[in-house]
Amino acid sequence: MRAPHLGALVALMTLACAGAGADRAHAAAATAAPEPDVGSKVDVSAVPLEKPVPAGTTAAAHLVLLFKADATHHWGAPLKILVNGSPPVTPAKKTLGRTDAVEPGRDKAVTRLEFDVPFAASATGDGTLSALVSMFVCTETVCDSVDRTVVWKVHAE
Amino acid sequence: MSEPVTAAATAAVAAATAVATAAANAAATATAAPGGLLSGGLLWSVGIAFVGGLATAITPCVYPLIPITVSLFGAKKGVPVSRGAALSALYVLGIALTYTTLGVVAASTGRIFGAVMASPWVVGFVGLVFGGFSLSLLGVYEIQLPEGLRTRLNSVGGAGPLGALAMGLVSGIIAAPCTGPILGSILTFIAGTGNLKLGGLLMLVFALGMGLPFFLVGTALVALPKPGGWLEKVESALGIALLGTALYFVKNTVAVLRDLLVPSTWRLLGFVALAGVGLSLGAIHVSYKAVDARKKALKLVGACMVALAGFGIFGSLQVAAAGGPDWRHDVDAAVAEARTSARPVLVDFWANWCAACNELDDKTYPDARVVAESFRFTMVKIDASEQDAEDRALSAKYAVAGLPTVVFIDSKGNVVPATRFTGWVDAETMLAAMRSVH
Chain V
34 MRAPHLGALV
44 ALMTLACAGA
54 GADRAHAAAA
64 TAAPEPDVGS
74 KVDVSAVPLE
84 KPVPAGTTAA
94 AHLVLLFKAD
104 ATHHWGAPLK
114 ILVNGSPPVT
124 PAKKTLGRTD
134 AVEPGRDKAV
144 TRLEFDVPFA
154 ASATGDGTLS
164 ALVSMFVCTE
174 TVCDSVDRTV
184 VWKVHAE
Chain Y
40 MSEPVTAAAT
50 AAVAAATAVA
60 TAAANAAATA
70 TAAPGGLLSG
80 GLLWSVGIAF
90 VGGLATAITP
100 CVYPLIPITV
110 SLFGAKKGVP
120 VSRGAALSAL
130 YVLGIALTYT
140 TLGVVAASTG
150 RIFGAVMASP
160 WVVGFVGLVF
170 GGFSLSLLGV
180 YEIQLPEGLR
190 TRLNSVGGAG
200 PLGALAMGLV
210 SGIIAAPCTG
220 PILGSILTFI
230 AGTGNLKLGG
240 LLMLVFALGM
250 GLPFFLVGTA
260 LVALPKPGGW
270 LEKVESALGI
280 ALLGTALYFV
290 KNTVAVLRDL
300 LVPSTWRLLG
310 FVALAGVGLS
320 LGAIHVSYKA
330 VDARKKALKL
340 VGACMVALAG
350 FGIFGSLQVA
360 AAGGPDWRHD
370 VDAAVAEART
380 SARPVLVDFW
390 ANWCAACNEL
400 DDKTYPDARV
410 VAESFRFTMV
420 KIDASEQDAE
430 DRALSAKYAV
440 AGLPTVVFID
450 SKGNVVPATR
460 FTGWVDAETM
470 LAAMRSVH
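Protein chains in written order, with my numbering: chain V, 34 to 190; chain Y, 40 to 477.
Because the hints were derived from the structure by calculation, they are not lab data. Note that CB positions come from ideal geometry on N, CA and C, so glycine has one too. Please note that a few of the clues may not be correct.
The calculated lysine-lysine pairs, modelled on PhoX-like cross-linking and capped at a C-alpha distance of 25 angstroms, are [unchecked claim]:
(1) V/K141 / Y/K402
(2) V/K113 / V/K127
(3) Y/K402 / Y/K236
(4) V/K113 / Y/K402
(5) Y/K402 / Y/K451
(6) Y/K420 / Y/K436
In silico negatives: residues of chain V with every beta carbon more than 10 angstroms from chain Y [said to hold, decoys possible]:
(7) T144
(8) E147
(9) S155
(10) E190
This is chain Y alone, in the form it adopts within the complex:
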């Protein structure tokens, strides 16, 4: 693989793998509080969505068509830069309108069917959809629009402002064989969050990332490198990233996947080595168009290894960076939102004069396995130090007689009586209790 290809493929893997991870964080943050929409977590996911869109633009069905497309809507040689910029901006606006609408629609369906996402069968199905899309990007098969629809969409638009806008509106659909898997996966994820603002925003930013090369070429600011075999490698890299994303998505229903995210130097080294072996098997550099069935099989095995390694590395670094659970403090709001997004809730009643409560904070919650598991939960801390009327009312509601008391609420909003406990527990006990709640 040449150097630019390696760099592009690596960037694509990094970007697309992290899209779902970051978006998952952003979804949790954005639902935590209105102000959370401007938090660092969301900014991170917006950045990743932008890079993801950009990576999509350098796939075989989009990249070679960039110069042709911009010349079709009129931003070609001899046209003033300002007109080229305006036409290109309208084209990008068209892409953004389509994608943002898709994002909001996807999130709306998630709001309606959010509770269904609690079912491991549904999560498994969504994981399979992700996996299916990733196989398409790896070249195993091609997702194509029906011939008639393709012909009609290709005739949309033309030279001039309205033509540019119209072409932008349908461009994402025309490039479905390459954009479809990535787009479909992100939309599936957004549907799972049920967050309209997040859905619209991420898809808008994704569209802007995808539209950037069109804008740059349209304003004659850059000359793109020649298309070639490296585009297929970028596509493979995106396929691997999508496979890693599928693992990240289903991890909440597969405990062994969450265990893999517990940070450990040896495990991290194992993942790096696994990625190395996967790459050497041809995960990226071998074309699936190769006739050799053995090479095809090795490429797929290698891709799975790199995807697993990417999932493990990104996931465990995320757990290590978190340091501890992400605590919230308004139990009613947390329970309501958790029910919408089909997440279980852990409610910890504590007091500043309670040594056992401090022990939970010092020894149990920071345990990397508990932190990894806590990503599946909405974690709530209730300060009962004052024992005022509000504290007593909440204590009565959840039958709290001692401290610390940890109450579990399942993803349907029901308190799980068998799993609650009062008093300090070690990380193993906490972990077993958390794993029993869904």
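One chain only, chain V, in its complex shape:
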């Protein structure tokens, strides 16, 4: 082979393969992304009931969801609150969703949601009201399914 041909061949092969080599080296150096713990980025708290509830009446317990750092709850993302009670407490509404929030923040990603969870006390005595909150909490890099249960102690008189 004549020298100019050989030179051109080497140069062209180098040009064609240079990018490929760089890409491969970069890819090899990449590591798998750690799975983020988004669950720790939301506080679900039941505000304690301050006063006894008169028997035979209805009242509301207050639930606060506080999303920390860059975590949010998107309007379209699932959020379901399943409410249960033990006698003499019975939930007035067994399921709540984002639209039931005090300020639902329609079409927005929010960092705080508050709910009034209605219940009835049918007789005097001590009972509990519980709420299982199932939702997707999102950060910029991931959305995680999070389940939290909170309980209120209810004294009816």
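Start from chain V and add chain Y according to the hints.
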């Protein structure tokens, strides 16, 4: 090289190189959904198969025999055009019957042995077969039928309708030294797809392309240019195209070949220049019958360069045209079909309210390197926005706790636990994960 020769050779390279590329797309499309058989991808591959058949007809063992063959079955001067057309059509029908049957048989073997095609050794072997056929077309050696078989096949047929049909049936086999390499390569490819409809259809169209010159001459519609040295150049061009096809076939097992397909202006210019140097070395215009060993060696080196350049140009243009992965949405069907065709699967669980999922779509998947790699995969997207019973069942099946989650399934249908990830990842991480799955 004279102008008609250059044009013919260029057309042959373009046509044959793209046959496997287009057929690969068509196979994926055709298996995606029954309606996919009429999609643009299939129409494209059908067109390419037709041109490929036509190119085969202008090789040294076929082209000079066209006028002789048509006169043998009775379509000669003085015969009415309608009779000439009928006889020629029967001859072409004979070719089509043989080739279509071969296509279906090849695809059937692929169905049986489809999973074997996942083995890099098998893919490498098939690539070597392609390469061996291409060397034959370049003139390094000749593939010949045994003398006795050739004599018997040459005696088949004669004047009249049945004679024309019989001659058509055996013609593809008689011309094996020229048609064999191309035919063998396409059949090997079809076997790899395991797709009966695709196999039959592509070979039927290929046969019609090959039969067209016979039909035109038989009906006295055209007078063919005189055969000459240009036929050998066309054969060399087809050999180069086949070599490029071999590279395309083995690219799924050779990462560096896939890297070459990442579109870049500089790389494309490099390929064009590489093709120019290869052509100047005598890839097409130098006859391998030349006694000069140095010229023979330069022709082979040049042919390899042009084949690599053709592979790079066609492949990177294909990646650029795709823009992003070709997503499917039925995971069970995709996994079943991927297992048949021995392809790994990438399953992406996403939701419309998930910003990280949108980031994957906006930044990671459109990366040209990821797109190039995705051609090796069956790509599936599962919309988990509603989180209804169906979404939850699928999420449970694949242990999806967050979004986006990307699950990899290997070509044997097994989920690869070590490679899955949850959350947004950049293109480099995605690429590394995809490359680790086979």
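Hints versus structure:
With a C-alpha separation of about 23 angstroms, the suggested pair V/K141 and Y/K402 falls inside the 25 angstroms cut-off, and the hint holds. Proximity of V/K113 to V/K127 is assessed by CA-CA distance (about 10 angstroms); at most 25 angstroms being required, the pair is judged to hold. For the hint pairing Y/K402 with Y/K236, the CA-to-CA distance comes to about 37 angstroms; that exceeds 25 angstroms, so the pair is violated. A distance of roughly 32 angstroms separates the Cα atoms of V/K113 and Y/K402; the hinted pair therefore is violated under the 25 angstroms criterion.
A distance of roughly 30 angstroms separates the Cα atoms of Y/K402 and Y/K451; the hinted pair therefore is violated under the 25 angstroms criterion. With a C-alpha separation of about 15 angstroms, the suggested pairing of Y/K420 with Y/K436 holds against the 25 angstroms cut-off. The non-interface label for V/T144 is consistent with chain Y: the shortest C-beta to C-beta separation is roughly 14 angstroms, beyond 10 angstroms. No beta-carbon of chain Y comes within 10 angstroms of the beta-carbon of V/E147; the shortest separation is about 21 angstroms.
The beta carbon of V/S155 is kept farther than 10 angstroms from every beta carbon of chain Y, the shortest such distance being approximately 34 angstroms. V/E190, annotated as away from the interface, keeps every beta carbon of chain Y farther than 10 angstroms; the closest lies near 41 angstroms.
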